[in-house]
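K.L.:
Sequence:
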Amino acid sequence: MTLADHILSFYQSLNLSVKLPKGVDVLNPFQNVEVFGLCKKFYQQFYSDTKPRKLIMGINPGRLGGGITGIPFTDPVKLEKYCNIQNTLPKKTELSADFIYTMIEAYGGARSFYRGFFVSAVCPLGFTLDGLNLNYYDHKKLETLVRPFMIDSIRHQLTFPIDQEVCFCLGEGKNYQYLEKLNADNKFFKKVIPLPHPRFIMQYRRKRLDEFVKLYLETLKE
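With my numbering, the residue at position 91 of the sequence shown is 91, and numbering never jumps.
Everything labelled a hint here was simulated from the structure, so no lab data went into it. C-beta atoms are modelled at their ideal positions from N, C-alpha and C, and glycine is treated no differently.
Within a straight-line C-alpha distance of at most 27 Å, the following computed DSS-like cross-link-like pairs (lysine-lysine) qualify:
(1) K81 to K51
(2) K51 to K191
(3) K174 to K207
(4) K174 to K214
Quick list of the computed label-pair ranges, beta carbon to beta carbon:
(5) D49 to D130: 41 to 47 Å
(6) G131 to Q203: 16 to 22 Å
(7) E222 to I151: 24 to 30 Å
(8) E222 to K187: 19 to 25 Å
(9) T144 to D49: 35 to 41 Å
(10) L20 to K214: 35 to 41 Å
Given only the sequences and the hints, what does the whole structure look like? Please build it.
P.N.:
Now the structure itself:
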């Protein structure tokens with residue numbers, strides 16, 4: 001099996017079978033036939049080999065990025081512009097995707113970047129609360145309910161060709177603290193290295209964009 005086969009089988013099997021708190025809905029784009037077709041094109045384009053990748057983990061998919069395309073930090077616009085995958089999805093952009101693809105271009109482009117890294121999330125399915133993005137750790141009851149699902153999902157992904165020496169965590173606050181605790185309890189990786197979250201950079205530190213791109217490149221290329 002290629003890494004693409006592993007990834008696609010994993011995403012196709014995702015099913016969060018818990019009763020969610022009132023007002024909370026799950027984002028599972030992989031159940032949409034058109035979206036899964038785009039995922040298939042993406043992963044077969046960049047991951048049709050067995051070379052191990054280093055893992056980068058975000059929080060959970062957002063409704064304008066991975067929650068709509070099925071590809072972490074990749075909105076429909078970036079999917080066309082940088083990955084050459086045409087799509088009929090609403091052409092909305094996501095702040096986090098804006099940063100990630102600026103960084104990917106500086107790294108050497110999508111093919112070069114994805115040859116070395118697999119981008120995932122601590123929780124591979126996203127959530128909304130009353131129609132707005134919801135991070136798993138911002139709703140205590142939700143976090144408790146999905147913890148077993150997140151642990152199983154990480155374990156599943158570590159059956160892929162994944163380098164377990166290091167995991168890069170997007171988010172230096174709650175996401176990093178949570179993943180660090182999961183890692184301490186389950187020994188997934190030898191170490192977890194945090195990076196500032198792309199949305200934080202674009203929302204609060206945009207004037208220092210070049211500085212943060214350089215930080216990412218230096219950290220990921222260590």
